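Asks: Based on the sequences and whatever the hints tell you, model everything.
Chains as they are written, first to last, in the numbering used here: chain A, 1 to 139; chain B, 1001 to 1407.
Treat the hints as calculated values from the structure; they're not laboratory data.
Treat each hint with caution, since some may be false.
With a straight-line Cα cutoff of 16 Å, these simulated EDC-like cross-link-like pairs (lysine to aspartate or glutamate) come out [as the list claims (entries may be wrong)]: (1) Lys1101(B) to Asp1127(B); (2) Lys12(A) to Asp1003(B); (3) Lys22(A) to Asp1191(B); (4) Lys22(A) to Asp1370(B); (5) Lys1273(B) to Asp1127(B); (6) Lys26(A) to Asp56(A); (7) Lys12(A) to Asp1385(B); (8) Lys1308(B) to Glu36(A); (9) Lys25(A) to Glu46(A).
Coverage of chain B stretches by chain A, computed from C-beta distances (three or more under 8 Å per stretch; other residues unrestricted) [to be verified]: (10) 1307–1316; (11) 1349–1361; (12) 1390–1402.
These figures come from a predicted structure and were not determined experimentally.
Every residue gets a Cβ at the ideal spot worked out from N, C-alpha and C, and that includes glycine.
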Amino acid sequence: MAYSDKLLDHFKNPRNVGTMNKEDKKVGTGLVGAPECGDVMRLQIEVDDASGKIKDAKFKTFGCGSAIASSSLATEWLKGKSIDEALSIDNMAIVEELALPPVKIHCSVLAEDAIKAAIKDYQEKNGLEVSPETESSHH
Amino acid sequence: MTDKRMIYLDNNATTPCDPRVVEAMLPYFYQHPGNAASRNHPYGWQAEEAVDYAREQVANLINVDPKEVIFTSGATEGDNLALKGVFEMYARKGNHIITVKTEHKAVLDACKKIEKMGGEVTYLDVDSEGLINLEELEAAITDKTILVSVMWANNETGVIQPMKKIGEICEKHGVLFFSDAVQAVGKIPVDPKETGVHIMAFTAHKMYGPKGVGALFVNRKKPRVKVTAQLDGGGHERGMRSGTLNVPGIVGFGKAAEIAKNEMAQDAERLSKLRDKLENGFKEILEEVYVNGSTENRMPHVTNISFKHVEGEGLMMTFNQNIALSSGSACTSASLEPSYVLVALGLGDDLAHSSLRFSLGRFTKEEDIDYALEAVAKGVNHMRDLSPIWEMYKEGVDLESIEWSEH
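Replies: And the structure:
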């Protein structure tokens, strides 16, 4: 299977790999997937109190090249976005950007789920109203 | 500068043709273009002579009579002909076939078809080493059983089944014994008659011969075995397999068999040392490395290794510009199911997703192994740096305790 240059670049030089302190109130953590399925994504966001914008994003992913590239791309897109803007990131935008083949679409779905799970975690931790979009599930 | 090196460690998928094989084949494309079934001119006679000679070479490799070698297009055809051919030919005796869960798809899917045609099939389990339980096999035999089908060596793990003991059980119960011996013939000594195997499929392209040609051994005496032809036509190959013979391919197959007979022992000795070097190297450099399947009963040139908390397909992407091999992770398939062979060995799906198969061959050099060791270990470390479950494992988190969101 031939992968796009963008996908290969994200795979070989993944952006924003790392771990944030998940106990920090400013940090939201989304952990999705399962080892048995061959994909686990952990995506974390740090939200700036004053502006309400996502200041930083980090990920770690166990999975194939498409899963790693999808999560790397997601962290790039999240930075600087408000929560509402982040919630509007659609998995099909990831599919298009990375030219994911049809059998890899689930990797983009997982990335979208990870974003939503991280936002939900942040909102719950801070006693905020949980956005209904975070409940929409592709499962 | 990009590294242009290309190392082939996927010899269980297919082997390159030996140059001596290609040389033997070449005259049969143009100088000797005859059809082996043309009885009335020298072109036909030459082709027939060449096929007869190749049949002897192939028969010699497995110690059988040349008349017991039926040329086919490959082992998928051989598997289908053996299973469906026996099912049809012996319908009056019974309709039950026994096989194993770790067989090749060509066997399993032919068995599925036979079930649809009214047959009954028992699929035996294997233990954690990949071996069948002989008592379970014997207990599964009924008065309706016509055939036991067990592969000689597994394609994914290289595990070799206790063939001789299975042969004895079949003999005792008067049941035919078929083996898909694709991965074993030409690599280790395979003697079906001495082993009690009555029908055996194998193919040229796994033993440095060309693709598109294989053979089915069918025992002629004690017992005289017959299989119903699955292709109707000119009645070639003693009526069991119609179709114009692939003369250049068969000539190449013969040459490959002759070379294998002469060089198998030295190849096996050299490759098992390289294989061990690879395995031991990984265990030294990396943590959490598991060799899958029996390490006692296995082929000399294969190892199947799980690198825990790393997904196999992603791992392969770190080096697949330079190294070719296979993974037990079927992340590319729509089902997301990992290798059914590894799952049958009792590996968790996570370890099955983390597996790579290294299959060495006649043209593998020691420097290839050194390179692969370094490149794969580097890839594993890269993937573990990215892996959240590796991080959790290092922090001592019990991964079983986490509620994963299955998707």
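Asks: Given the hint that Lys12(A) pairs with Asp1003(B), test it: the Cα-Cα distance must not exceed 16 Å.
Replies: This hinted pair holds, its Cα atoms lying about 15 Å apart.
Asks: Given the hinted pair Lys25(A) and Glu46(A), is their Cα-Cα distance within 16 Å?
Replies: holds (9 Å)
Asks: Between Lys22(A) and Asp1191(B), is the straight-line Cα distance small enough, at 16 Å or below?
Replies: The given pair, whose Cα atoms are some 62 Å apart, is violated under the 16 Å limit.
Asks: Would you check the hint for Lys1273(B) and Asp1127(B), treating anything up to 16 Å between C-alpha atoms as holding?
Replies: violated (26 Å)
Asks: Are there at least three residues in the region 1349–1361 of chain B whose beta carbon sits under 8 Å from a beta carbon of chain A?
Replies: holds (count 3)
Asks: Would you mind confirming whether the straight-line C-alpha gap from Lys26(A) to Asp56(A) stays at or under 16 Å?
Replies: Holds - the C-alpha atoms of Asp56(A) and Lys26(A) are around 10 Å apart, at most 16 Å.
Asks: For Lys12(A) and Asp1385(B), compute the direct alpha-carbon distance and say whether it is at most 16 Å.
Replies: holds (12 Å)
Asks: For the pair supplied as a hint, Lys1101(B) and Asp1127(B), confirm whether the alpha-carbon distance does not exceed 16 Å.
Replies: Distance ~11 Å between Lys1101(B) and Asp1127(B) Cα, so the pair holds.
Asks: Check the hint pairing Lys22(A) with Asp1370(B) against an upper bound of 16 Å on the C-alpha distance.
Replies: The given pair, whose Cα atoms are some 41 Å apart, is violated under the 16 Å limit.
Asks: Under a C-beta cut-off of less than 8 Å, do 3 or more residues of the region 1390–1402 of chain B approach chain A closely enough to confirm the stated coverage?
Replies: holds (count 4)
Asks: Taking a Cβ-to-Cβ distance below 8 Å as contact, does the region 1307–1316 of chain B have at least three residues touching chain A?
Replies: holds (count 5)
Asks: Starting from Lys1308(B), check that the Cα of Glu36(A) is at most 16 Å away, please.
Replies: holds (12 Å)
Of the hints listed earlier, those the structure fails to meet are numbers 3, 4, 5, in rising order.
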